[in-house]
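Engineer: Following the hints, position chain U against chain B.
Protein chains: 2
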Amino acid sequence: MQFKISKELLVQIEQLIHQKNDQELSILLNDLHHADIAEIFDELESEEAIYIFKLLDSEITAEILLELEDDVREKILQGLSAKEIAEEIDELDTDDAADIIGELPQKKKEQVISELEDVEHAKDIVDLLRYDEDSAGGLMGKELVKVNENWNVLTCVKEMRIQAENVTRVHSIYVVDDENRLKGRLSLKDLLVTSTKTMISDVYIKKVDSVRVNDSNVEVARIMQKYDLEAIPVVDEMGRLVGRITIDDIVDVIKDEADKDYQLAAGISQDVEADDSILELTKARLPWLVLALFGGFISVTLLESFQGAMQFHKELFFFTPLIAAMAGNVGVQSSAIIVQGLANHSISGTIFNRLLKEISLSLLNGLILATLLFVGSHFLLGVDTKIGIIVTIALVSVIIIASLIGTSIPLILDKFGIDPALATGPFITTSNDICGILIYFSIAKLILGF
Amino acid sequence: MQFKISKELLVQIEQLIHQKNDQELSILLNDLHHADIAEIFDELESEEAIYIFKLLDSEITAEILLELEDDVREKILQGLSAKEIAEEIDELDTDDAADIIGELPQKKKEQVISELEDVEHAKDIVDLLRYDEDSAGGLMGKELVKVNENWNVLTCVKEMRIQAENVTRVHSIYVVDDENRLKGRLSLKDLLVTSTKTMISDVYIKKVDSVRVNDSNVEVARIMQKYDLEAIPVVDEMGRLVGRITIDDIVDVIKDEADKDYQLAAGISQDVEADDSILELTKARLPWLVLALFGGFISVTLLESFQGAMQFHKELFFFTPLIAAMAGNVGVQSSAIIVQGLANHSISGTIFNRLLKEISLSLLNGLILATLLFVGSHFLLGVDTKIGIIVTIALVSVIIIASLIGTSIPLILDKFGIDPALATGPFITTSNDICGILIYFSIAKLILGF
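Just so you know, the sequences run in chain order B and U. Position 327 of the first sequence, counting from 1, maps to 327 under the working numbering, and the rest follow consecutively. Basically the working numbering = 1-based index in the second sequence + 1000.
Bound conformation, chain B alone (with noise of 0.2 Å):
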């Protein structure tokens, strides 16, 4: 089953879409997953998708919207009405519709929301639609199955069975009270294996894990991940049950916080892909890049101002770049490890301990590499003893100093609350270059007192 989009294959679906050959399309189409026709839409102009989209049924449309690509999403919304937007949102979850309404321009919105079938669909959107999308309230859906702890097993199933007929994925049974305040779950297991007449207030689960409305995404996701969830019920200030969110929504919450922070490690500052624009991609790499740059005119001035060692010493010049691409290094390395165990919560111990380390490591590394570079210096590159010493010391001290640059800002940062994936990348390569050639030339000063 695993499905790759041939050439051939796209090559047909144009030409069948230039000769308008509906029928053969349709039965084409028909044997595809909606995630693969999606695919097959990121390839396809926007005018073939639409063309396309507008053929198929609204049942495989709606799951279609939910997996393209953002762009190609936008195009086609673009190309249809708001009374065939709103098909589509009557198709979906609550909490997908809602996704997908919140990107549409303000009065679209409205002409769509107004356009809804199902009355009940509609409100549960629009009240979707005042949360934060970065929060509980913004991932959840309104789709549940609830029953009240004063039901017996019996009207509990007949409920259930109205209920589920919304829910595509029945994931627990909640429990509410008479004021809809979430008490605890049934699981789906325990309803294959109780008798018909209990009552739901003997057999309910009286634990159960819940977030507010208001809690930030990445917290929902690390407390789902940690406590291993499917599904988490939502509940408001007050403690009543007002949505849920699945593991599959989490998913994404994980992959982009993990996508933003190695793109902030490579000096990619927005969320961009491959595909984006060229001026999307300007904007994410321009800013570092400036950053760089005008690190670079520092560096031009430190070196400037040793230019008095240039007459009899010109092989130091030589090392610059050497010293600054192994500060960068080092601080990277430093940096990306502090950022990723405070993203997995993984760091334990003190500041002064984790600083602590990181002297020994770079001690350690720093001899290393020292002991390669006093020897390389002199027998592959034949420099004089006297500045292959001072470059070797210089070594091992960039390496510390630059190890604890890269551990130590994160951490500040960090402890300030500002997302310590900033300091990675750009920004510490190019503060480490700086203090590295700072540090190289005045220990080469302090020896040879140019």
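Calculated from the structure, these hints are not laboratory results. Note that this is a predicted model, so its numbers are computed, not measured. Any given hint might turn out to be false.
Said to hold, decoys possible - Examples of chain U residues lying across from chain B (beta carbon under 7 Å, computed):
(1) 1079
(2) 1080
(3) 1226
(4) 1248
(5) 1262
(6) 1291
(7) 1293
(8) 1318
(9) 1322
(10) 1324
(11) 1329
(12) 1341
(13) 1374
(14) 1376
(15) 1426
Stated by the list, open to error - Only pairs whose alpha carbons sit at most 25 Å apart, straight line, appear in this in silico DMTMM-like list of lysine to aspartate or glutamate:
(16) 1226/U with 219/B
(17) 255/B with 1014/U
(18) 314/B with 1384/U
(19) 183/B with 1031/U
(20) 357/B with 1074/U
(21) 1206/U with 36/B
(22) 75/B with 1228/U
(23) 1226/U with 36/B
(24) 260/B with 1143/U
(25) 445/B with 1304/U
(26) 1255/U with 304/B
(27) 1226/U with 304/B
(28) 1226/U with 8/B
(29) 1260/U with 304/B
(30) 226/B with 1143/U
(31) 1255/U with 271/B
(32) 207/B with 1257/U
(33) 1415/U with 43/B
(34) 415/B with 1276/U
(35) 1255/U with 209/B
(36) 226/B with 1134/U
(37) 7/B with 230/B
(38) 1445/U with 304/B
(39) 1158/U with 165/B
(40) 1226/U with 45/B
Where a beta carbon is used, it is the ideal one built from N, C-alpha and C, also for glycine.
Structural biologist: Chain U only, in chain B's frame:
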């Protein structure tokens, strides 16, 4: 329900352990979730953790074992006899059990297996141990609910009740033929709304996604994510149902994969954490630093070969770190976007188009940065205009070349089946440093003719 271990709680637990106050300890710990107890274990000395471990019920301790950091778990397992470990294993699902037994030394592994009480369970575990841990077989568990297509719903429900006893979470009900070949599935929802007299062959859904037992875990994760599946059945070479993989196992694969790419981008070649030993951290970090050091040797040699310029154009040497840093940063940006695109399967179009886009992008970035550099070098740094022009031309050229290298190397590695993430971080920065310096001085030599 946001649980954070407080310092007070930790101190209290440690005191109770030293007082051997088992009763108080039990009361205190029984109120906690096993994932929280696991977090406490990560903070305790291993003797303390083992003390608590032996105090608790094996139903809870088995769950705790699963949640522990690898090194903590290893220490606790060392403190337990084979019989004690077997009691834990008996409580676990087969996939988790196999994971834990797989970590034991060969001899202890055999002892534990021979101590297992439930023979069926032991057979399943031994079977799972055969598979590569990075394959679908290594991820799957044996606990599933399956029914024969030739049964009616009544028999089916009876059988399911028996099977469900062994299954913590019922995701799907799989339908097989007499040869155990996977034919389709019954959804839980269908079960809630179908009459008991219907025949299975009349109601089951004939379309079912599955993976092969030898598929890679990353491929399984991709499929489950793409098709939004909470569980997927695993079949062997003959299409027989041999297990199932659930979304919670996939969450770990996705997280690990993202973490790995992140670490590679930062120049860390093994899966290490901030709390790992200095030796382990050195093993993961040193190789990349050695690579960067040898790259540095090349840059020293390069600069040496251009030393003729030093007499009349010493400013040229002040700009080397700036040029090298820009080359490194641009290269990492380009490669990161490609690596992430490859990981997410979101790269469309040919390599040629990709490179063309990268050239336009870097031309745009390069021209903006070059303007800043030219203005900056003139007004801020007061550099000679001729040198300013050379540095500016060099910057644009270096940015274009660096982005082409950053884009093409991961694409080429991927074509040859090598992990493209290897090409981010130190590898790209080092090669771009060298190329940057070479281009810069070649342009200077061409213009100034030293």
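Engineer: Are residue 1255/U and residue 304/B close enough, with their CA atoms no more than 25 Å apart?
Structural biologist: The given pair, whose Cα atoms are some 46 Å apart, is violated under the 25 Å limit.
Engineer: Measure nothing beyond the straight line between the CA atoms of residue 1260/U and residue 304/B; if it is 25 Å or shorter, mark the hint as holding.
Structural biologist: Measuring from Cα to Cα gives roughly 41 Å; hence the hint is violated.
Engineer: Given residue 1248/U was flagged as interface, is its beta-carbon under 7 Å from a beta-carbon of chain B?
Structural biologist: 5 Å, holds
Engineer: Please work out if residue 75/B and residue 1228/U have their alpha carbons no farther apart than 25 Å.
Structural biologist: OK: residue 75/B and residue 1228/U at ~24 Å, within 25 Å.
Engineer: For residue 1255/U and residue 271/B, compute the direct alpha-carbon distance and say whether it is at most 25 Å.
Structural biologist: 18 Å, holds
Engineer: Take the C-alpha atoms of residue 1226/U and residue 8/B, compute the straight-line distance between them, and say whether it is at most 25 Å.
Structural biologist: 22 Å, holds
Engineer: When the nearest CB of chain B is found for residue 1318/U, is that gap smaller than 7 Å?
Structural biologist: 4 Å, holds
Engineer: Holds or violated: residue 7/B and residue 230/B, Cα atoms, limit 25 Å.
Structural biologist: Roughly 37 Å between the alpha carbons, so the hint for residue 7/B and residue 230/B is violated.
Engineer: Given the hint that residue 183/B pairs with residue 1031/U, test it: the Cα-Cα distance must not exceed 25 Å.
Structural biologist: 17 Å, holds
Engineer: Would the hint on residue 1262/U be counted as holding, given a Cβ-Cβ threshold of 7 Å to chain B?
Structural biologist: 5 Å, holds
Engineer: Take the shortest C-beta to C-beta distance between residue 1226/U and chain B; is it under 7 Å?
Structural biologist: 5 Å, holds
Engineer: Would the pair residue 357/B and residue 1074/U pass a check requiring their Cα atoms to be no farther apart than 25 Å?
Structural biologist: 22 Å, holds
Of the hints listed earlier, those the structure fails to meet are numbers 1, 2, 6, 13, 17, 24, 26, 27, 29, 32, 37, in rising order.
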